[in-house]
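Protein chains in written order, with the numbering used here: chain B, 1 to 430; chain S, 1 to 461.
No incorrect hints appear here.
Partial pick of chain B residues on the chain S-facing surface, computed with a CB cut under 10 Å:
(1) L110
(2) T222
(3) V322
Everything labelled a hint here was simulated from the structure, so no lab data went into it.
Note that CB positions come from ideal geometry on N, CA and C, so glycine has one too.
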Amino acid sequence: MTRKITEPAGQTRRGALRTLAAGAGAAALPLWARYAQAQTSEPIRVGFQVHRTGIGAAYGRWYDRTTQAAAKLINEAGGINGRPLEIVAEDDGTDAKRGAEVVEKLATQLRCDVGFGTLFSHVVIGSAPRAGELKLPYFVVSEGHHVASGMLNRWTLQPGITDVKSQVQAMAPYVSSTLGKKVTMIFPDFAFGHDHRDYFTAALEAQGGQVLEHIAIPPTETSFTRYFPRIPRDTEVIYHVMVGPAVLTFVKELGEFFGPSRPELFGFIDSLEAVSLASPGLEFLDGSYFWEGNPRYAQSDQTSHDAFFREQVGVDENGASVSDPDDVSTYAHMFGCWETLYVIKKGMEIAGYQGPDDRAALIEAVEGIGEMELSDQHPQGAKRFNGKTHQAFGHQYISQVQGGKLIKVHTTSIEDTLYPDEVDYTTQSL
Amino acid sequence: MTARRLLPLLLLLPGGPAFGHASEQSFVLLLPTDVYAGAGVAAVAATVLLLAVLPPHAAGALFRPLPLWHLRPARGRTAVSLVSFAVLAALIGTGLLGPRDPLGNPLPLAIWTIWWIGLVALQGLLGDFWGWINPWTGPLAVTRTLTQVRAPLRYPRRLGFAPAVVSFLGFAAVLLADPAPSDPARLARMVAGYWLYGYLGGVLFGPVWLLRGEGLTVLMRAYARLAAPGRVRGRRALGLPGWRLLRAPPVPVGLAVFVLLMLGSGSFDGLNETFWWYGVLGLNPLEYPGRTALILPTLAGLLAANAALVAAFALCVRAGLRLARANLPLAYAFRLFAPAILPIALGYHIGHYLTALLVDGQYVLAWASDPLLRGADLLGLGPHPVSTGFLNRKDSVRTVFLAQAGAVVAGHVLAVLLAHAQAVRIFGGNRRAALSQAPLAGFMVLYTLFGLWLLASPRAG
Chain B
1 MTRKITEPAG QTRRGALRTL AAGAGAAALP LWARYAQAQT SEPIRVGFQV
51 HRTGIGAAYG RWYDRTTQAA AKLINEAGGI NGRPLEIVAE DDGTDAKRGA
101 EVVEKLATQL RCDVGFGTLF SHVVIGSAPR AGELKLPYFV VSEGHHVASG
151 MLNRWTLQPG ITDVKSQVQA MAPYVSSTLG KKVTMIFPDF AFGHDHRDYF
201 TAALEAQGGQ VLEHIAIPPT ETSFTRYFPR IPRDTEVIYH VMVGPAVLTF
251 VKELGEFFGP SRPELFGFID SLEAVSLASP GLEFLDGSYF WEGNPRYAQS
301 DQTSHDAFFR EQVGVDENGA SVSDPDDVST YAHMFGCWET LYVIKKGMEI
351 AGYQGPDDRA ALIEAVEGIG EMELSDQHPQ GAKRFNGKTH QAFGHQYISQ
401 VQGGKLIKVH TTSIEDTLYP DEVDYTTQSL
Chain S
1 MTARRLLPLL LLLPGGPAFG HASEQSFVLL LPTDVYAGAG VAAVAATVLL
51 LAVLPPHAAG ALFRPLPLWH LRPARGRTAV SLVSFAVLAA LIGTGLLGPR
101 DPLGNPLPLA IWTIWWIGLV ALQGLLGDFW GWINPWTGPL AVTRTLTQVR
151 APLRYPRRLG FAPAVVSFLG FAAVLLADPA PSDPARLARM VAGYWLYGYL
201 GGVLFGPVWL LRGEGLTVLM RAYARLAAPG RVRGRRALGL PGWRLLRAPP
251 VPVGLAVFVL LMLGSGSFDG LNETFWWYGV LGLNPLEYPG RTALILPTLA
301 GLLAANAALV AAFALCVRAG LRLARANLPL AYAFRLFAPA ILPIALGYHI
351 GHYLTALLVD GQYVLAWASD PLLRGADLLG LGPHPVSTGF LNRKDSVRTV
401 FLAQAGAVVA GHVLAVLLAH AQAVRIFGGN RRAALSQAPL AGFMVLYTLF
451 GLWLLASPRA G
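This is chain B alone, in the form it adopts within the complex (with noise of 0.2 Å):
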């Protein structure tokens, strides 16, 4: 191998190599020998913003993992137009103003094609300005709004997760018509919480349902019991979105204070992703119900998508790395990575791209993609990209613990998971 394949500036080393040793024997045989075809060997470089350190590392590990699978298929199939993807990851420390160097960083000195993999909101948001300027397309995982609310720019794209505004909203006709209509809602009291209060509570109101109480928790708390005296009687549903470390203490004391007969829960997964749902504490969460972004475990009807990526990905029945059953993966929102892969391969096909030169009409191609059927590209299902909001909408689950485990009953339309547009990026010039 020469040295630009061994030891690319900016490489997750050990995803570098499964990445570029693509196939087996592939060691033997120099790479660009097998991509001889394409005018140029170059590989298709994907600039990977990836939280390898600071708070976002436990997602960022599984992002990471998830990416180059991806990336390893696609070299397998022949690379991208004829040549192979190479994923330089960066880390940005999950830190905002960080985000935007490395995006500069990924542009300039590691001369990216397209910036990739953002999870964090704070640093999608920090980073997006600079993609836009420097005219980098940048294709984000992040589930954040802001991308279809407008407030980012004709670079940024999220075309392989849906954002959290269709998420909830998307709930509310199943919790009204089977879990109830009256609802307490509690929440932390910060934007995030604030968000899924207001998405939720206009959501259930034009289904007939009502929102009884609001409880704020101050985002420091770490007892919850003296909430829980708020909670009206009359309530059929506690949605709860808590997250941070004391989310398991949420759920213990929510336990404790009901006993044996309490209203329905419902809940977002993101507060147990990774958290085995047989771990002890979490007994009390038999009969709950959550989203699900993608389905944690194997379900009866899996698809056989989903077993070809959980097992690519390298991940059990019960969404637990093959190598450590304790090891739970963020299976909701790690396929955001995968399939926005996909689409930037199925851009880039489309566009005919061939260079930097090409990335006006990678977007352009990318904003004009549309339909995708649920496949081997996109797992965890259908989805509609809209190209005016930048935004990708899909299904979405719900699922409800029994026996320590999600059994999924319910899965979304994907009209359930409209809004109007807040934005048209496509009247930006490029």
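Starting from the structure of chain B, add chain S where the hints point.
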């Protein structure tokens, strides 16, 4: 906004340049940590009370070393240091030119995980590795031999340990406040710069520079004095950790302050992650802004925490002297008792970094399994060599927590014993020794509580 909601398992990164791992903090909050803390504090308090009623020299007797075999004069230090220097140079080169991944490039792993977390702890437990592997003594010896020039400048005595204090605080500032201390290229430049600081000082002032001016060697030498193995009259000897401190004269005041800064900086590297600290800063810990936004508050906190610790320690020593009606000068007593703090600093270091070691140590193994970055798997670790699954189980989290708490409590018990034994040496009788130690012992009991609270309290980025 949304991805902020992806916080549940993220909220824990012990240590500044800490590397990736999931949060066991959710499980820690389910543990009866108040019971554990109560037991730990009681153990330290019981030690204090026991010492007051035991025969005066009981504590000192505990620290009597057991002489073992005769030691031969050690040879080869220069060669080992040269090898260490070569390794460091190679690591710096890899940092600059190698993979950009902080968990894949061997430089951040070597500096933060192997050296700072691992070797510093081993130095305090097992003895003076650093005397062999520090990367300056060899190159300085070679420079002297080649140039035939002795140090052209005389180290100004009045500087004392000031350059060491400043350089150690600089190190702590990087550890805690730098936006990207694990960035391989950035770290490579910082390490190279620091090596030059040590080397040029050594060239100008001679070997004394490493003993007075270069903070990391001063830190390592301080910890080495704590180790169980040592030397007595030419023989290898083993004793309770800290036994050598009791046989030494009072340390210079600069070194006494330095030892307190070791504890103060270590304690702040923990306090600065707590929800409490975020409350002080008026920030929402669930909206961690990233290190860049926290540089100034972190630096201010580091200095304030250290100043507060030095002041509190001096006040305790002074109050003890008054209680015991001793007419020792405060500075003398300060120099005498400050080294007793070392076991607390080491216990806290071990406790604070244990989870980081367990996670990042796996990245070190992954690197060792494929040191030439060719996709090898020499150690047979498989395709997924790193797992944080043990942080997602209550029983393993409990085990880790108790090990951390054990290190903190053991450090405090040793510190109480050391300080008491030192007091008995100076004051003779048990009563005066106990009186002189009462304020300091009370301080150590409270510090135990503080250390255990740090381990158990909710943390942000």
